[in-house]
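Generate coordinates for the entire structure from the input sequences, incorporating the hints supplied.
So the protein sequences, as listed, match chains F and D. Position 142 (the first sequence) corresponds to 142 in my numbering; numbering is contiguous. Position 13 (the second sequence) corresponds to 1013 in my numbering; numbering is contiguous.
Calculated from the structure, these hints are not laboratory results. Hints are not guaranteed to be accurate.
[Stated by the list, open to error] Below are the EDC-like pairs computed for lysine to aspartate or glutamate, each with C-alpha atoms no more than 16 angstroms apart in a straight line:
(1) Lys-253/F x Asp-212/F
(2) Lys-253/F x Asp-230/F
(3) Lys-80/F x Asp-1276/D
(4) Lys-1194/D x Asp-230/F
(5) Lys-338/F x Asp-265/F
(6) Lys-115/F x Asp-32/F
[Stated by the list, open to error] Simulated coverage check for chain D against chain F, where a stretch passes if three residues somewhere in it have a Cβ under 8 angstroms from a Cβ of chain F:
(7) 1053 to 1065
(8) 1087 to 1095
(9) 1155 to 1161
(10) 1165 to 1174
(11) 1181 to 1190
(12) 1274 to 1288
Nothing here was measured: the structure is a model prediction, and the numbers come from that model. C-beta atoms are modelled at their ideal positions from N, C-alpha and C, and glycine is treated no differently.
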Amino acid sequence: MRRGLMLRDESELPKAVLAQRIETARSAMRRDGLDGIILYTNLVQPSAVTYLTGFTPYWSDGLLLVTRTGAPVFATALSKRVAGWISSTNPLSEIINSPKPGGAIGARLAADGCKRVAVLELDRLPGGLYDEIIDAAPGLELTDGSALFASLRQKIDGAERGMIARADAIALSALAQVDPDIAKDAGAAAGLVEKEARLQGAEEAYIAVAADLAADARMIRMSAPRPLADLFALRASIAYKGSWVRRTRTFAKNPMRRAAVVRADTWFEHLASSISPGQSLEAQIARCVEELPGARVMSWMAESPIGSYPLQSIAASGRADHSNFGEGGFLVLSLQLKLDAMPWLGAAPVFVGS
Amino acid sequence: MAEAGLDAVLVYGNAWQNDYLRYATDFGILEGQALAFILRNGEVTLYLDSPLEVDRAEVDCRDIEVIHAPDLVAEVDTALERFRNQRIGAAPHRLIPRRIAARRNELQLSDQTALLDRLLMGKLDAEVDAIRRAAQLADSGYAVFRQAARPGRADYELIAEIEAFYRASGVDDNFQIIGVGGPEVRGMAPPSGKRLKHGDMVTTELTPCVEGYYAQICRTLVVGDPNADQIKAFALYREAMEAGIATVRAGITAADIARAENEVFRRHGLGDYVTDQYTRVRGHGVGLFADSKPHILEDVTTRIDSCMTLIVHPNTYHPVVGYMVLGDVVVATPQGCEVLTETPRELFSV
Chain F
1 MRRGLMLRDE SELPKAVLAQ RIETARSAMR RDGLDGIILY TNLVQPSAVT
51 YLTGFTPYWS DGLLLVTRTG APVFATALSK RVAGWISSTN PLSEIINSPK
101 PGGAIGARLA ADGCKRVAVL ELDRLPGGLY DEIIDAAPGL ELTDGSALFA
151 SLRQKIDGAE RGMIARADAI ALSALAQVDP DIAKDAGAAA GLVEKEARLQ
201 GAEEAYIAVA ADLAADARMI RMSAPRPLAD LFALRASIAY KGSWVRRTRT
251 FAKNPMRRAA VVRADTWFEH LASSISPGQS LEAQIARCVE ELPGARVMSW
301 MAESPIGSYP LQSIAASGRA DHSNFGEGGF LVLSLQLKLD AMPWLGAAPV
351 FVGS
Chain D
1001 MAEAGLDAVL VYGNAWQNDY LRYATDFGIL EGQALAFILR NGEVTLYLDS
1051 PLEVDRAEVD CRDIEVIHAP DLVAEVDTAL ERFRNQRIGA APHRLIPRRI
1101 AARRNELQLS DQTALLDRLL MGKLDAEVDA IRRAAQLADS GYAVFRQAAR
1151 PGRADYELIA EIEAFYRASG VDDNFQIIGV GGPEVRGMAP PSGKRLKHGD
1201 MVTTELTPCV EGYYAQICRT LVVGDPNADQ IKAFALYREA MEAGIATVRA
1251 GITAADIARA ENEVFRRHGL GDYVTDQYTR VRGHGVGLFA DSKPHILEDV
1301 TTRIDSCMTL IVHPNTYHPV VGYMVLGDVV VATPQGCEVL TETPRELFSV
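This is the structure:
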């Protein structure tokens, strides 16, 4: 539930950008014959509402309704006393504070005569909110709006790219605090990385550690003393004003292994900066790994903010279901290699194409 | 479950509302969502949609079955077929995904939120011990906060100090909001980049989590020396909190505690400031959720039992000095209560 800096800055996320995103959503609604779209938000599913409004909840939950005209309506169970704070990060929406946000949205839909409305991730919508909407708007047809919303997220705009770049800079700087010659304890290293990230303005920082990478490559949330082995890895999942990245770095105390880590890091940066649109990601990774002698890809995963999750797994080794990305798309690529029998982990943001 | 005639319970959890899931699985989820089945024979199956969380659950929860379910709702919906003709409870009702909730009649899926709430409110000795340890970390966290607070620092920098301290101290999670300023401040929120300046009141509630259990502390400090109005206002909040704490004992209701706190404000002519226009609750339960039931309000008639853990906090807006907070965690006993937080009840000055 922890949260750091939560602030909207007009120079980073102008109202005009939010208005353009809402207009694009409206175009898609008109194309699909919809009267509106409803998007749910809470601490772990904030991204769709953040994308359209700038707002991320630190507590409780809410629903955003975008209809064909007028200001979007944001209904939340957060108390009326924080309406001012909500408005400061959600400048374009009408704010409704209600213990029954679903009822408030349903009443608005009924009053506006809306007949057919999409809901992002309809199956996952909390059942209590669904019941409230239907009770207040009994004749309403609700359809799944996930594909519609995902179509809006195929390409990121300049404002989002800037905030992702800032999140990435924070992640890199935070991970740079770890000196493998000095770091001995996983919990202390995680604390060091998190502190640096938050001091630089991270909204959130989730740090995970594989304390003995040679023995177990699984990344564990670490906040207790545990010795760091010769080879270890840290993952920093960092949010900056609603935009999330992951960066994973492998660290070696042994100089020979360190040289191998540097080789893999350099190769991975090259891979991450050269992902081309319209081609299978799996094939691109397979082609690129041939340039790294002694390396074998053990697993990979691509995540992207195509729905309510900040980063949603959309393709992975053995499950390459959405592995063609378009020009201007954004994803986080996580990769596990074996490099001459040494495990290596990396993760980095990828801007597809130019 | 046996008493309620249930064959299985389905619980939902995410990083915001994780208490029902944690109670059943002991898993502290961070990303994505989870559903878990608890069978009457003790078997537990945890479904997670985040592959990153699956890695962690396999390490943290070795005694339960962990399943990676990228399409969480569809996979649990299919798994429910196994329970046809059995009685299934679900909690928390409001957050059960729509696709599953829509089958409640067909699957005999009953709302068992109240049953789980009763289990969550009544604490075992081991649970109280975890909250006791969390309360100690709330105290030491507030000491770090005071140390970090100085003119010129931004509010989020204070949070950074706290979170780093907690990560290095075995605290996986913390809920914290903050207020910085004077009479214009009407509540607390996440940090917004305000820099501390001389004369500011800095309010915070810190809620560290130990082994899944949260404890909370609320305190107010002043940057520089407090003025006469701030000192006078603080005395009122202290009187109200102590009146509330003095009321806590097994057998009373949550309303009794709220009334004791609010009467102090009413006696001082500030009755308007204990309404929902200015404040949310006069305290609440603590446990596997930072803001558990019962809420301490004059219309909440939940009975307080021994071993229930609560924070008593008369936090509200004061018309002269602004939003002020003060709160301590207590555990109810037959005779009264034990206060678990030990930070002095002072208006601190830094």
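* Asked: Broken hints, numbered, in rising order?
  -> Per hint list: single violation, 4.
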